[in-house]
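Q: In case you want the letters, here they are:
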Amino acid sequence: MLSLHLAQFNLPFQPEQASEFAKPYDDLFWATTGLTVFFTLVVVAMLTVFCIRYRHGRKADRSNQLTSHMMLEATWTVVPFVLGVFMFFWAAKLFVDQRVPPKDAMELYVIGKQWMWHIQHPNGVRENQQMHVPTGKPIKLIMISQDVIHSFFIPAFRIKQDVIPGRYTVQWFTATKPGKYAIFCAEYCGAKHSEMGGYVYVLSPAEYRAWLATGGEKVVAAKQTPVEIGKELWDRYRCQTCHVETDTVYGPSVHGLVGKTRKFTDGSSAVADREYIREAILDPYKRLNEGYGKTMPEYKGELNEEQVLALYEYIRSLGAPPTPSAPTVASASKSGSGGNL
Amino acid sequence: MSATVVGKAEVERPEPGPNYLTNGQTIASWLLTKDHKRIAMLYLISISVFFAIGGFAASLIRAELISPRGVMLESETYNRVFSLHGIVMVFFFLVPSIPATLGNFLVPMMVGARDLAFPRLNLLSWYIYVAGGILMILAMCMGGVDTGWTFYTPYSSLYSNSQVTLAVFAAFLAGFSSIFTGVNFIVTIHRMRAPGMTWFRLPLFVWAHYATSVIIILGTPVVAITLLMLFGERVLKLGFFSPELGGDPVLFQHLFWFYSHPAVYIMILPGMGVISELITCFSRRRIFGYEFVAFSTLAIAGLGFLVWGHHLFVSGQSMYQGMVFSIITFLVGVPSAIKVFNWATTIYKGSVRLQTPMLYALGFIGLFLIGGLTGLYLASMATDIMLTDTYFVVAHFHFVMVGGAVMAMMGGLHFWWPKITGRMYPDNWGKLSAAIIFIGFNLTFLPQFVVGYLGMPRRYHYYFLWPEFQPYHLLSTAGATVLAVGYLLPVCYLMWSLKYGKKAGDNPWGAKGLEWQTSSPPPTENFPVVPVVTEEAYNYDPELAEKEETLADKLEHGLEAKEDEK
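Here the protein sequences line up with chains A and B, keeping their order. If you read the first sequence in my numbering, its first letter stands for residue 57, the second for the next number, and so on. If you read the second sequence in my numbering, its first letter stands for residue 180, the second for the next number, and so on.
No lab work stands behind these hints, which were simulated from the structure alone. Hints may contain errors.
Unchecked claim - Here are the simulated lysine-lysine pairs, DSSO-like style, with alpha carbons at most 30 Å apart:
1. A/Lys149 to A/Lys236
2. A/Lys350 to B/Lys733
3. A/Lys115 to B/Lys726
4. B/Lys416 to A/Lys356
5. A/Lys279 to A/Lys236
6. A/Lys248 to A/Lys236
7. B/Lys610 to A/Lys115
8. A/Lys193 to A/Lys233
9. B/Lys726 to A/Lys169
10. A/Lys196 to A/Lys169
11. A/Lys169 to A/Lys279
12. A/Lys193 to A/Lys79
13. B/Lys726 to A/Lys342
14. A/Lys279 to A/Lys342
15. B/Lys733 to A/Lys115
16. A/Lys248 to B/Lys416
Bear in mind that the values here come from a model prediction, so they are computed numbers and not experimental data.
Please take these sequences and the hints and turn them into a complete structure.
A: Right, here's the structure in full:
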């Protein structure tokens, strides 16, 4: 009844369901709503009935005053407890699904800056304040902020994740329904916070391929792939002076670096992933490689996040050094060439 | 402490001595007072001023949101307005609202003491509060703050070009005023209870203030340090929070919510204490499950410190960390449920008077219930992804803070008004305003749940990207207008009652509790003789109460008026 009524006046009561997350989230949402309405009605009924029945001046049995009852107390302690634990598991399960992207997901970079979303597709197509994605394909967003905290929010997909300066955050989705949906920044970020948004265009796989090929309408055509931009930066900043195909006294090699374990002067170690390589470029002395001194310039403030990502893609594309080493290097080189898709 | 004092003593009393209001008429006698009741009045006036400022900001916000492209403000201004609304309402209204006014007035009286343990500290706390408030107003006049009340870094520390430093310092100062109040309550409740006033004879209002004080003295120093760190990063460029300076932006959120989530309980627990007093008095029933209500208060205070991370599910905190915070958050729901069911059951077999304070109490239970239950959506990690930082959250915490804390404040004010001023206000006007506030409140905030679920982010000036949100904003703004009328009405009739209200006598409601056994307004020393307590709290007898006609009952039924005509 109510929903019908609302629909006539164009008052939607649920956002569109345009990703695989939408349905299970809405199930949980409406289950919680069911509980909320149920408990509200129970308490309101108790209040109403008692207030009417025992209103001053109304004849009623007021004898045998009860001021405590163990079973009643136990009931309204245990029932909410059990319901709470049940809902916790239900919700936590869905949350974990949302935080663990599948391995074969397509990777898009999202860079937030006051007050714009910048999206990079693997083949180098870039778009601002909008995002084109195909249906049916898991899409992983690797996100970082250039300045303050932002949050990448698409209600129709039921996804949201803060985009922080200084480190990458990730979220993923599989779009299901072609159409145009809102993208918002959900974390307050200054004067034009409410204008930091646009639309996600969900296309069928064929349409998406066509769009990618032409570079899309109103989108900067892909003149260079991220790897090519990275190569240009690599040359411009003369990285090859110290980082060559093998480790030298000036610097360790970056060939086949992605996935390798690095040892640091403080005795700790880490796997060289996107996060580590970003840090090693911008802030190389935070964790200095074992056997090296403080010779590299810090590129903090010199390179922006897009450039760092391009350098990462270039390093990933470099693959293994001539002398064969661990198998991870081979896979890294493979995924590097895959980046040209 | 017999129950028969009620009714008779108020008829004939020899010329009353000076009460706390008449004992000293100069301005200096107010500004230098050490009387907890006068300090409570100073606080009441100051928090009302801040409530008015915050309310004015709220009305500007609601006016702007009528249209997807705003109405009259620039975005820079709008951001300063909503920040002002949040900072003023949280730090300068909600935190001190009940404890510093009703708590200050009543805690000593309820335990049978002549004053708080440290009267000078109490006065100092008001001066610090006022100093903080003036700095805040100064910051506002110098251009305001645009960070929101949460001051998230690195926006607040390195990017904002507004009066962040001054505002942070103002909030820092205000924190000390609540610490002083908290210390005062704890010592008073431990050391100054009247003979016979055992812990389990304390009114639940006192338990609530005890728990609140514990949260205040454990939590407030943390936010003080956090604000100091923010100050250090902004002014001295010390790298705590900004990655550019080598800090971690999410660290600020952890530290901030470590205080600010418990602060929610600082705001709501005293309100729950008020409701326990109102429900028992207007049902003439001993509270159902006294120990359960008392211990659930302590449980909320304890668990409240372990849930801050539920604000950070999508902030980049570890998934497993989030799970721990999620489950503990669900557990906080349990003591809240215990309270609500015990209140509802208290009415069973009572002798129920639906006078103004009771209407507020019933409104509180309903709205707090919705506020609490909608917290489940946000404790659930999956639904939180969608709902956090949207109007759903805005609606949720307004149900708890306004529907809960402010309704309780209004209920408490109407209940103790005769005690505080010695005058009755017109009950019909009271009922009318309670109804208007209830309707206006729901009309304002229920649509916000829906528009939040649809995806409307909070702190948005424009929503032209998705104008479909508009109808809900229109409803909400209409509701806010009704709500404003509801808040203005009591100002009028309560002021009117100061001069024209019927004399209240000691105990117009027929209430138990030590504060009702002394004259209204009470003498400076509260009790002519220190009372000796011989019975449990809320020792009401509903069967007896059926036959009883208190002054409030007579006024309600118009008997008093008829007698006057004769």
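Q: Can the restraint linking A/Lys193 and A/Lys233 be considered satisfied, given a maximum Cα separation of 30 Å?
A: Within the cut-off at roughly 12 Å; holds.
Q: Just to be careful, I want the Cα atoms of A/Lys248 and A/Lys236 compared with a cutoff of 30 Å; is the pair within it?
A: holds, 22 Å
Q: Within 30 Å, alpha carbon to alpha carbon, are B/Lys416 and A/Lys356?
A: At roughly 16 Å apart (the allowed maximum being 30 Å), A/Lys356 and B/Lys416 satisfy the hint.
Q: Against the 30 Å threshold, does the CA-CA distance of A/Lys169 and A/Lys279 hold or violate the hint?
A: Holds - the C-alpha atoms of A/Lys279 and A/Lys169 are around 23 Å apart, at most 30 Å.
Q: When you check the alpha-carbon spacing of A/Lys115 and B/Lys726, does it fall within 30 Å?
A: holds, 11 Å
Q: Does A/Lys193 pair with A/Lys79 here, judged by a C-alpha cut-off of 30 Å?
A: holds, 17 Å
Q: Is it true that the CA of A/Lys279 sits at most 30 Å from the CA of A/Lys236?
A: holds, 26 Å
Q: B/Lys733 and A/Lys115 were given as a pair; does the straight-line alpha-carbon distance stay at or below 30 Å?
A: With a Cα-Cα distance of about 19 Å, the restraint between B/Lys733 and A/Lys115 holds, given a limit of 30 Å.
Q: Is A/Lys196 within 30 Å of A/Lys169, Cα to Cα?
A: Roughly 19 Å separates the two Cα atoms, so the pair holds.
Q: Assess, step by step, whether the Cα of A/Lys149 is no farther than 30 Å from the Cα of A/Lys236, and give holds or violated.
A: holds, 29 Å
Q: Holds or violated: A/Lys350 and B/Lys733, Cα atoms, limit 30 Å.
A: violated, 87 Å
Q: Just to be careful, I want the Cα atoms of B/Lys610 and A/Lys115 compared with a cutoff of 30 Å; is the pair within it?
A: holds, 24 Å
Checked against the numbered hints above, the structure violates hints 2, 9, 13, 14; every other hint is satisfied.
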